[in-house]
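Engineer: The residues making up each chain are set out below.
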Amino acid sequence: MTNSAQTIDPALYAAVTDAVRAEARKVLESGAVAAVVGWQAGRRAGTAMPTIVTDPAKAADLIFSPACVNNLALYLTKAKKEVRGKGKIAIVAKGCDLKALVGLMGENQLKREELHIIGVVCAGVQGAAADRSLPLSEATIAGKCRECTVHTPENTDVTVGTLTELPHFTPTESAELARLEAMTPAERWSFWKEHFSRCIRCYACRQVCPFCYCEQCLCDRNRPQAVETTPRPAGNMAWHIVRAMHLAGRCAGCAECERACPMDIPLNLLNRKMARELKELYGHEAGFKPKEKGPLAEYREDDDQSFIK
Amino acid sequence: MHAHKENHDFEPKIIAFVCTWCTYAGADLAGTSRMQYPANTRVVKFPCTGRIDPVFILRAFQKGADGVLVSGCHPGDCHYMAGNFHARRRFAAFRALLDFIGVDLQRLQFSWVSAAEGGKWVEVATELTERVRALGPMREFKELEAEEQWSGVIDTPELQEAYNNIP
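Residue numbers (this note's numbering), protein chains in the order written: chain W, 690 to 998; chain R, 2 to 168.
Please note that the accuracy of each hint is not assured.
Stretch by stretch, here's where chain W covers chain R in the computed footprint (C-beta under 8 angstroms, at least three residues) [said to hold, decoys possible]:
hint : stretch
1    : 74-85
2    : 92-99
3    : 108-117
4    : 142-148
Residues from chain W that face chain R, not an exhaustive set, calculated with beta carbons under 8 angstroms [what the hints assert, rightly or not]:
hint : residue
5    : L823
6    : E827
7    : A871
8    : P874
9    : W878
10   : W881
11   : C901
12   : M926
13   : A933
14   : M934
15   : A937
16   : D992
17   : Q994
No more than 35 angstroms apart at the CA atoms, straight line, and that leaves these computed lysine-lysine pairs for DSBU-like [what the hints assert, rightly or not]:
hint : chain 1 : residue 1 : chain 2 : residue 2
18   : W       : K968      : R       : K6
19   : R       : K6        : W       : K882
20   : R       : K46       : W       : K968
21   : W       : K962      : R       : K64
22   : W       : K982      : R       : K46
23   : R       : K46       : W       : K998
24   : W       : K882      : R       : K14
25   : W       : K978      : W       : K747
26   : W       : K962      : R       : K14
27   : W       : K998      : W       : K982
28   : W       : K968      : R       : K64
29   : R       : K64       : W       : K800
30   : R       : K121      : W       : K968
31   : R       : K6        : W       : K800
32   : W       : K978      : W       : K775
33   : R       : K6        : R       : K121
34   : W       : K882      : R       : K46
35   : R       : K143      : W       : K882
36   : W       : K962      : W       : K767
37   : R       : K46       : W       : K962
38   : R       : K143      : W       : K962
39   : R       : K6        : W       : K962
40   : W       : K767      : W       : K998
Just so you know, the hints here were simulated from the structure itself, not pulled from any lab data. Glycine included, C-beta positions come from ideal geometry on N, C-alpha and C.
Construct all of the structure, not just a fragment, from the sequences and the given hints.
Structural biologist: In structure tokens:
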């Protein structure tokens, strides 16, 4: 079924780009929003970068392409206070970005009425190491997009673009997860030990995560110190366990951590595993309904306790 | 005279994170009732199991624990109404995460021990101690802790040779 020659038609992205520009100009001209958070073309051909447009004349800078990998929800979190200070904000959101927005609303970090969400139909974005000049195909598409279930964002203010039939991609992340789960604990330990030992503790995974908005991270505290800050294997292991634990039940799987990681640590595997585990245990899936408590913030009296003596 | 005590090659270090209202009182009852259980358990008292952050468990393992016991009030008996319900979910998730990372879950025990269950405390502490004793020392985290600890590997053959070559 999988055909490596199959590509996604770039016309889909061109149509979305036009619609995003038109919508951005409309809301900026009418004064409905103070700014639009979107993507614009990067300096190198085939790249894109986040931008904040406040002038209707600049709306034509906005684009949507397979290079629009960033999760823009990050720009609305506490970490970027200056953006939200401007007033009502419009944000261009792919399906996976929308899940992050919904999660942030559920955690009272954002108010729906202060946002104008321009949902974009997205067939997928490029993987971290992909050649930017090639169209999206089995070779260049990001891991998360291979198994995407939210190509068309829902409950937005406006959704632009129409989805064409997509080629079937190999679900590499689920395959890798299954491979790890089939290992013995000792093999898994050496797998993660090898990966985490490479970590340089640049905290790119934390800075890029829409859910890591704590003003003081537990892992930066030193009296008492919870996690060693030196990039040694011991501290790295602790940091990645704590990171996965703090995102459990909140992470909506935008995989930005994995994309931003300079050492190519498969961080989204941890997120995926925790998301699946919490779905199995408590039937919770992050990022679909705002105003719900996360699975670790609520409880039921009849929760499973077979592991407790 | 004291009964003859068997010497073991390996004495496991067990850290017990307990809630002050139930398990700590239960362990206290075991003590005042003069029940015997292995002295390997180091009890750390918390106001509630809801206060026990998974980081504490991690840090216990990193700093040399061979086994960790987390114990608190039975569901419904929490002094703070729902602390142990929240803890139950958190630890279920944390267990899954540790398992995925490759930690042997036999070294991590959760239990509900009420203030009246001195006997159950003895049973839980003994069982975990004996199980960990059979498993041997927890090497994974300790080895990790020793890695890239430059002061620890200062006596390498290369360094020794360099030292010997100093004229």
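Engineer: Taking the closest Cβ pair, is W/L823 under 8 angstroms from chain R?
Structural biologist: At 34 angstroms from the nearest chain R Cβ, W/L823 fails the 8 angstroms test, so the hint is violated.
Engineer: Does W/K882 sit within 35 angstroms of R/K6, going by the straight-line distance between their CA atoms?
Structural biologist: 40 angstroms, violated
Engineer: Tell me if the interface restraint on W/D992 is satisfied: Cβ within less than 8 angstroms of some Cβ in chain R.
Structural biologist: 6 angstroms, holds
Engineer: Report holds or violated for the interface hint on W/C901, using the least CB-CB distance to chain R and a cut-off of 8 angstroms.
Structural biologist: 16 angstroms, violated
Engineer: Holds or violated: W/K962 and W/K767, Cα atoms, limit 35 angstroms.
Structural biologist: 27 angstroms, holds
Engineer: Taking only the CA atoms, is the gap from R/K6 to W/K800 under or equal to 35 angstroms?
Structural biologist: 66 angstroms, violated
Engineer: Is W/K968 within 35 angstroms of R/K6, Cα to Cα?
Structural biologist: 49 angstroms, violated
Engineer: Can you verify the interface hint for W/A871: is its Cβ closer than 8 angstroms to any Cβ in chain R?
Structural biologist: Hint on W/A871: violated, closest Cβ of chain R at ~12 angstroms, above 8 angstroms.
Engineer: Checking one constraint from the list: CA of W/K978 to CA of W/K775, max 35 angstroms. Satisfied?
Structural biologist: Between W/K978 and W/K775 the Cα gap is close to 26 angstroms, so the pair holds against 35 angstroms.
Engineer: Quickly compare the C-alpha distance for W/K962 and R/K14 to 35 angstroms and report which way the hint goes.
Structural biologist: Satisfied, since the Cα-Cα distance of roughly 30 angstroms is no more than 35 angstroms.
Engineer: Is the hinted pair W/K978 and W/K747 satisfied, with a Cα-Cα distance of at most 35 angstroms?
Structural biologist: Roughly 33 angstroms separates the two Cα atoms, so the pair holds.
Engineer: Can you confirm whether the C-alpha distance between R/K121 and W/K968 stays at or below 35 angstroms?
Structural biologist: 33 angstroms, holds
Comparing the model with each numbered hint stated earlier shows that hints 5, 6, 7, 11, 18, 19, 29, 31, 39, 40 do not hold.
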